[in-house]
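Got chain A; can you put chain B on it based on the hints?
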Amino acid sequence: MTAAAAQLIAATKKYGSVEALKGITIDIQLGQVVAMLGPNGAGKTTSISLLLGLRKPTSGKALLFGLDPTHLAARSRVGVMLQESGVPSMLKVREIVDLFRSYYPKPMTGERAIAMAGLEEKASALVKELSGGQRQRLYFALAVCGDPEVLFLDEPTVGMDVEGRRSFIERIAEFANLGRTVVLTTHYLEEADQLAERVIVIDRGLVIADASPREIKSKVAGKRVRFTATLTDQDLAGLPVTTFTITDHTVQLFTNQPEAVLRELFKQGVEISELEVTGADLEDAFIALTSHQGTA
Amino acid sequence: MAAVTAVGRAPIGPMLARQTWTEFLKLWRVPAFSATSIALPVMFYAFIGIGQSSQEISAHVTFGTYFLASMAVYSVANVMIFSFGISVATERGMKMDLLMRATPLPPLVYLLSRCITAIAFAALTLAVLFPFAYFAGGVRLDPSVWATLASRVLLGSIPFIALGFAIGYLSGPNSAVAVINLIYLPTAFASGLFFPRQMLPDFIQRISPYLPLHFFGQLGWDAIGAPTSESVTTDWLYLAGYGVLFFAIALWAYRREESRKFS
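Protein chains in written order, with this note's numbering: chain A, 1 to 296; chain B, 1001 to 1263.
Bound conformation, chain A alone (with noise of 0.2 Å):
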C-alpha cells in the first residue's frame, strides 16, 4: 500500500455560519495528478487550505503524509502556489528564488527553478518590475523550486490569457511528468481534462464527483441536442433526456437517446430548427453535475 500524500477525511469547514465544506474525504496518492473542480465558492479553495493546514477543519481530519499539515516535515516535501499572494516587490527573482531554495531539504538548482517557470530573461529583475504573467510565473518558480513531492497550485492560470494558460498548463505538465504529484483547483475544464487523470468535483462544499475525466464525461448522457424550437417543461416531460435546460427558444438537452427523443418531438408537431447533435465534453459533464434542479 503506498502512503497517501494527502487527506481529507469527512472534514467540514465552518466560516462563522457559513458552511464552506460540509464533509468532505478525498484521499490523494503519491504520482496523482488531480484536479478539484468546481464553481466559484464551491470549497475548493478551502480545501487546499485545510490540506496545507492553513486553515482547521471545523470538524474531521486532513492529512500530509499522514502527519498534521502544519508539521514541518510534512511542508518540506510539497511546494505551493496560493491565489493572490504578494511577494516583497524589491527582492530580485534570483534573490527570491534562493531564499525559498534554503527552505527545503534537497531543492533543485535556483537555474532550474527559474527556467521550469521560463523566467530566464528575469532572474535579475525586481519583483516590482515583473508583469502579472511574470509574477504568476514567479510563484510556480517558488512553489517547484524545493522539488516538492507534492505541488499544490490553487488557481494557477487565474487572470492569464489564453496563450499564457497554455503555456503554463505545459509547465505545469512538465513537472507533473516527473512522476510528481500535482493537485490544482481550477474552474477551468480543459484544464483538468489536459492535466488530470483524476478530477475531483467540489459543489456546495461536497465532492460530487471523483473520477477520471473520461469517467466524468461517461456520467452524463453520451450527446449533447441543441436546437431551437418553441417548448415548454411540458413537452420534454416523459421523454429519455438526462437534463435539458430551455432559454428563450434555444433548448439544450442531454440523452442518451437523441434518435427517440427527435422522433417524439417531431411526432408532436414540434418546429426544429438549427438543429446539433454533438458528443457531450467535460464541460457539458460539469454543468449537469453541478446544476440543481430536481435536487431540493
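Rather than coming from a laboratory, the hints here were simulated on the basis of the structure. Treat the hints with caution; some may be incorrect.
[As the list claims (entries may be wrong)] Which residues of chain B face chain A? A few of them, derived with a C-beta cut under 8 Å, are:
{"#": "1", "residue": "1008"}
{"#": "2", "residue": "1010"}
{"#": "3", "residue": "1015"}
{"#": "4", "residue": "1019"}
{"#": "5", "residue": "1096"}
{"#": "6", "residue": "1106"}
{"#": "7", "residue": "1138"}
{"#": "8", "residue": "1260"}
{"#": "9", "residue": "1263"}
[Stated by the list, open to error] Label-pair restraints from in silico Cβ distances:
{"#": "10", "chain 1": "B", "residue 1": "1013", "chain 2": "A", "residue 2": "218", "range": "51 to 61 Å"}
{"#": "11", "chain 1": "B", "residue 1": "1174", "chain 2": "A", "residue 2": "234", "range": "11 to 21 Å"}
{"#": "12", "chain 1": "A", "residue 1": "208", "chain 2": "B", "residue 2": "1252", "range": "36 to 46 Å"}
{"#": "13", "chain 1": "B", "residue 1": "1244", "chain 2": "A", "residue 2": "112", "range": "43 to 53 Å"}
{"#": "14", "chain 1": "A", "residue 1": "277", "chain 2": "B", "residue 2": "1259", "range": "50 to 60 Å"}
{"#": "15", "chain 1": "A", "residue 1": "9", "chain 2": "B", "residue 2": "1115", "range": "37 to 47 Å"}
{"#": "16", "chain 1": "B", "residue 1": "1174", "chain 2": "A", "residue 2": "278", "range": "51 to 61 Å"}
{"#": "17", "chain 1": "A", "residue 1": "112", "chain 2": "B", "residue 2": "1035", "range": "50 to 60 Å"}
{"#": "18", "chain 1": "A", "residue 1": "90", "chain 2": "B", "residue 2": "1039", "range": "12 to 22 Å"}
{"#": "19", "chain 1": "B", "residue 1": "1244", "chain 2": "A", "residue 2": "111", "range": "46 to 56 Å"}
{"#": "20", "chain 1": "B", "residue 1": "1134", "chain 2": "A", "residue 2": "158", "range": "54 to 64 Å"}
{"#": "21", "chain 1": "A", "residue 1": "237", "chain 2": "B", "residue 2": "1261", "range": "28 to 38 Å"}
Since this is a predicted model, take the numbers as computed values, not measurements. Beta carbons are placed, not taken as given, at the ideal position from N, Cα and C, and that holds for glycine.
Just chain B now, with coordinates in the frame of chain A:
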C-alpha cells in the same frame, strides 16, 4: 510512516543566514526606510548638536556628547519600531504571510532573522552617527564609554521590537507609517530626546518620566556620564516592564490575527 522520517528538513543555519540577508536587502532597498533611518539622526545632530557642541551642560559633559546619546537612543528605537511595524503591516497587506505559512520555514527562524536584521540596521545607524559626532561634533570619549553607549542602546531597544510588532499587527499597510510617526515622534520629544524636558510644557513634563523612551534615554545619558533622575537599575527594570507589556500586546494582536486568518 518510515518514509516521513527518512526525508529530512532543511538545515536551520543556512536558512537563517539566507532569510536574514534577504530581510536586510528588503529594508535596504526601501530608501524611505534605509536613508531616513540612517540620515535623519545625523541631520538632527548636525542641526541641533554641533552648534553648541562644546558647551558643558554638567560637570565634564558637553552638549555634543549629551545629544549624541540622545540621538543614539532615538535612531536605534526608530529602526526597531519602523522596520518591524512597516514590514509586518506590508506583508499582511499583500498576503505574503499566507504564502510564508505554507512553506517549511519555522516561524521562529523568521522572527529571529528579522530581529537580527533590525539590530544590524541599528548598529549601522550607530556606525554612521558615532564617527559623525566624533569628527563634526568633536565628541571625545573613552573607548569603553563608546562601547557602553552602543551596547546599552542596542540591548535597550528590544522592547521597541515588540512595540513595532504590535503596531504592525494592529494597523493596516497604509496606516502603519502614520501610526508610528504619531506615536514615536511625540514621545521622543516628550522624553527629552530633542530638547531638555525643562523646556517642554508643564503637563508633558508630568507624563514624561513614565514614558518608555524616557527610561531608554536615561540609559544613554548615564552611559556618557550625564546625571539622570533614576538609577540605571531602575531604568532597566522599567524598560523590561515595558518590554513585557509590548510583547503581551504584540502576542495578543498576533493571536487575534491567527484566529481570524488561520483557524
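Here is how each hint holds up against the structure:
1. Taken as an interface hint, residue 1008 (chain B) checks out: its beta carbon lies about 5 Å from the nearest beta carbon of chain A, inside 8 Å.
2. Against a cut-off of 8 Å between C-beta atoms, the interface hint on residue 1010 (chain B) holds, since the closest Cβ of chain A lies about 5 Å away.
3. Hint status for residue 1015 (chain B) relative to chain A: holds, with the closest Cβ pair at about 5 Å, below 8 Å.
4. Of the supplied interface hints, the one on residue 1019 (chain B) holds, with its beta-carbon coming within about 7 Å of a beta-carbon of chain A, less than 8 Å.
5. For residue 1096 (chain B), the interface hint holds, the least distance from its beta-carbon to any beta-carbon of chain A being 5 Å, beneath 8 Å.
6. Of the supplied interface hints, the one on residue 1106 (chain B) holds, with its beta-carbon coming within about 6 Å of a beta-carbon of chain A, less than 8 Å.
7. The restraint placing residue 1138 (chain B) at the interface with chain A is violated, with a minimum CB-CB distance near 38 Å, outside the 8 Å limit.
8. The criterion of a C-beta within 8 Å of any C-beta in chain A is not met by residue 1260 (chain B), whose closest approach is roughly 10 Å, and the hint is violated.
9. Restraint check, residue 1263 (chain B) versus chain A: the minimum CB separation of about 6 Å is within 8 Å; hint holds.
10. In this structure, residue 1013 (chain B) and residue 218 (chain A) meet the distance hint of 51 to 61 Å, their C-beta atoms being roughly 55 Å apart.
11. Separation of residue 1174 (chain B) from residue 234 (chain A) is about 59 Å and departs from the stated range, judged on CB atoms against 11 to 21 Å.
12. At about 42 Å, the CB distance of residue 208 (chain A) to residue 1252 (chain B) agrees with the hint of 36 to 46 Å.
13. At roughly 48 Å, the beta carbons of residue 1244 (chain B) and residue 112 (chain A) sit within the given window of 43 to 53 Å.
14. Range check, residue 277 (chain A) to residue 1259 (chain B): Cβ separation about 55 Å, and the 50 to 60 Å hint holds.
15. Between residue 9 (chain A) and residue 1115 (chain B) the C-beta distance comes to about 39 Å, which sits within the given range of 37 to 47 Å.
16. The hint said 51 to 61 Å for the Cβ distance between residue 1174 (chain B) and residue 278 (chain A), and at roughly 52 Å that hint holds.
17. For residue 112 (chain A) and residue 1035 (chain B), the Cβ-Cβ distance of about 37 Å falls outside the hinted range of 50 to 60 Å, so the restraint is violated.
18. About 19 Å separates the C-beta atoms of residue 90 (chain A) and residue 1039 (chain B), a value consistent with the hinted range of 12 to 22 Å.
19. About 48 Å separates the C-beta atoms of residue 1244 (chain B) and residue 111 (chain A), a value consistent with the hinted range of 46 to 56 Å.
20. Our hint of 54 to 64 Å for residue 1134 (chain B) and residue 158 (chain A) holds, since their Cβ atoms are close to 57 Å apart.
21. Range check, residue 237 (chain A) to residue 1261 (chain B): about 50 Å between beta-carbon atoms, so the 28 to 38 Å window is missed.
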